[in-house]
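Undergrad: Start from the sequences, fold in the hints, and give me the full structure.
If you're matching them up, the sequences are chains B and D in order.
Going by the working numbering, the first sequence opens with residue 1, and the numbers climb by one from there.
Going by the working numbering, the second sequence opens with residue 367, and the numbers climb by one from there.
The hints are simulated quantities; they were obtained by calculation from the structure and are not laboratory data.
It cannot be assumed that every hint is accurate.
[Stated by the list, open to error] Derived list of chain B stretches under chain D, where covered just means 3 residues or more per stretch with a C-beta under 8 Å from a C-beta of chain D:
1. 88 to 94
2. 205 to 216
3. 295 to 303
[To be verified] In the DSBU-like style, the derived pairs of lysine-lysine whose C-alpha atoms are separated by at most 30 Å in a straight line are:
4. B:Lys136 x D:Lys574
5. B:Lys176 x D:Lys574
6. D:Lys546 x B:Lys121
7. D:Lys618 x B:Lys136
8. B:Lys26 x B:Lys210
Even for Gly, the Cβ is constructed at its ideal location relative to N, Cα and C.
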Amino acid sequence: MARIILDHLAHSYSADPRGPSDYALKEIDHVWEQGGAYALLGPSGCGKTTLLNIISGLVIPTRGRILFDDRDVTTLPTEARNIAQVFQFPVVYDTMTVAGNLAFPLENRRVPRDVIAVRVKEIAGLLGLGRVLEHKARNLTADAKQKISLGRGLVRADVGAILFDEPLTVIDPHLKWQLRSTLKELHRRLNVTMIYVTHDQTEALTFADKVVVMHDGAVVQMGTPEELFERPAHTFVGHFIGSPGMNILPAQVEGATARVDGHAIQLLRLYPALPKGQRIEIGVRPEFVHLLPKGLGVPVQVRRLDDIGRTRIARVELAGQPMAASVADAVAIDGDEGSLAFDLEQLHVYADGHLVEGEPLAGAAP
Amino acid sequence: MKSVNQRAWFLVLPVFAIVLFSALLPLMTVVNYSVQDSFGNNQFFWNGIGWFQELLDPSSQLGERFFDSLWRNLLFSAIILLIEVPLGIIVALSMPRQSWTVAFCLVVMALPLLIPWNVVGTIWQVFGRGDIGLLGYVVNRLGIDYNYTASPLAAWTTIIVMDVWHWTSLVVLLCYAGLKSIPDAYYQAARIDGASRWAVFRTIQLPKMRRVLLIAVLLRFMDSFMIYTEPFVLTGGGPGNATTFLSIDLVKLALGQFDLGKAAAMSLVYNLIILAMCWVFYTVMTNADSDRGRRTAIDEPADTVAAGMPPASTVELDRKAA
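TA: Below, the structure written as structure tokens:
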């Protein structure tokens, strides 16, 4: 049982880090609550695997502390922590049977034989491995091997957190969905913290209750999938999550009016004190921008209409800036001219990439 | 229908011609000799399978000599494998994985492999001498009577140490290559599973080295079973016949006594033994690999997890207890 606390944690792979650019993981303060399902989402090389390895004890951080509940485990070796990890490529012990694999961590910890037998049976049942217990582990498919890796963590009664390092990379697409729902199901049944590292937003958003988005060695936002979608705290989050990503447009914002290349857009909040000299942008997701026929909103050039099955996405240009907008089925566009209508409550203002909270508009309806 | 141009066979004709002259004709000559008795002045008499009968009959003079050197050779190969394979594994395990020392170790390991066989024999012949050789002198000064030209034990010890010195590197290099191919995740998983150093070796390193180890065992067996140059230079097969291995015996018979018939019969049998051994190793290796490609899919889809699962209460309970 563990609540994992990261206390001013930072890590650099160079022996003598000087500037912030030497840090693979910039300073981070974070609490992983007991029993949560978390996803660590970010592009390759953003430091998420480093963070995972620090939690599991494979890497000792350069600075800061890591606590499991109130116990400082910063320098504790992996085997002394109550965590388990599932790796990108399935790790099974080739010469052993599935049962032997599952029993291995317990045998190493000198658990009595009868207890081992009971646990192995129970966990094999949970994972759907019951029928292959006596098979050699090396003859199984990749998804079964990943289940074995997971099982080796689950059999240990002391495990409070399980870390997943892109566990579905080598799994066939049609099995990914299955394995992910198995994970969710296990998380629901067992009171165990799960931290799931991935660069795939679908995996992250479907698996986790809370998603932590990392970019360039730092955490840029943590929140529920809805929060990440509706209120990205950073333009990177807006861009990285969603397909296509958020539209980001350079704008001048004064009071409650945003101007994009001379076109005024009325905002629902006041932005009186935007810092001077910073890059001001407005961001809005394609889902909240609607393409309409010419003359009904902000005029744009229509470049292309993509039918992506459920909806249509228009690629448009607003003042030379490419944007994506959704197109309702009923709307027909003639030629390459159209106009945009914005869902104003979904329009956000960013200063140097960071979300700016506006003030409520005086006299506006509550 | 597709027509086949048979004239392409002419292109491989030169190869056939070369193989004919380099391998097939000499082999047939040996077969020819093996069924005849030779006398001086190039006289040959038909002897049928007489030499083979004599060779494989331990009570005859030729047979006794053949089986003596055969057992000697098998014992030698067994000792070599028993020493070099475990030693090679131990050295490979203790070699560094990264930093500049890797290159240094690899070069040092490769050095003995680069020395020609007869030079190795000469080096150890001088090295082991009691008067001018460092090894022989030191060992004698320590009070141990050591003379490889007089004592069979000393001769065997010297040849074995020499072979270990010469060839353990090969096993080391092969094992090292096998070890390097193990992904880090295996070691990390083993740490998380709380595996001891011995358990890591037994469950990860040894299984992953198995294929290269088979190759190493095969190569070392073949080489030690056919060993000739080093003991020939070092001891010449002596003292007495103590280190006369099959190949040395064969040369003695063919070039020393010029008994071409006996020598031909013996070389054919020797050849067949090696072929048989090769076949055994090949079969073992292919069988060890054959169950690798098969994949068993588990036909228990994930949805049975939810349905056919006993209540998870016990899991939950001891988790809370922990």
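Undergrad: Run the structure past the numbered hints and jot down the numbers of the failing ones, going up.
TA: Of the numbered hints, 2, 3, 6 and 7 do not hold.
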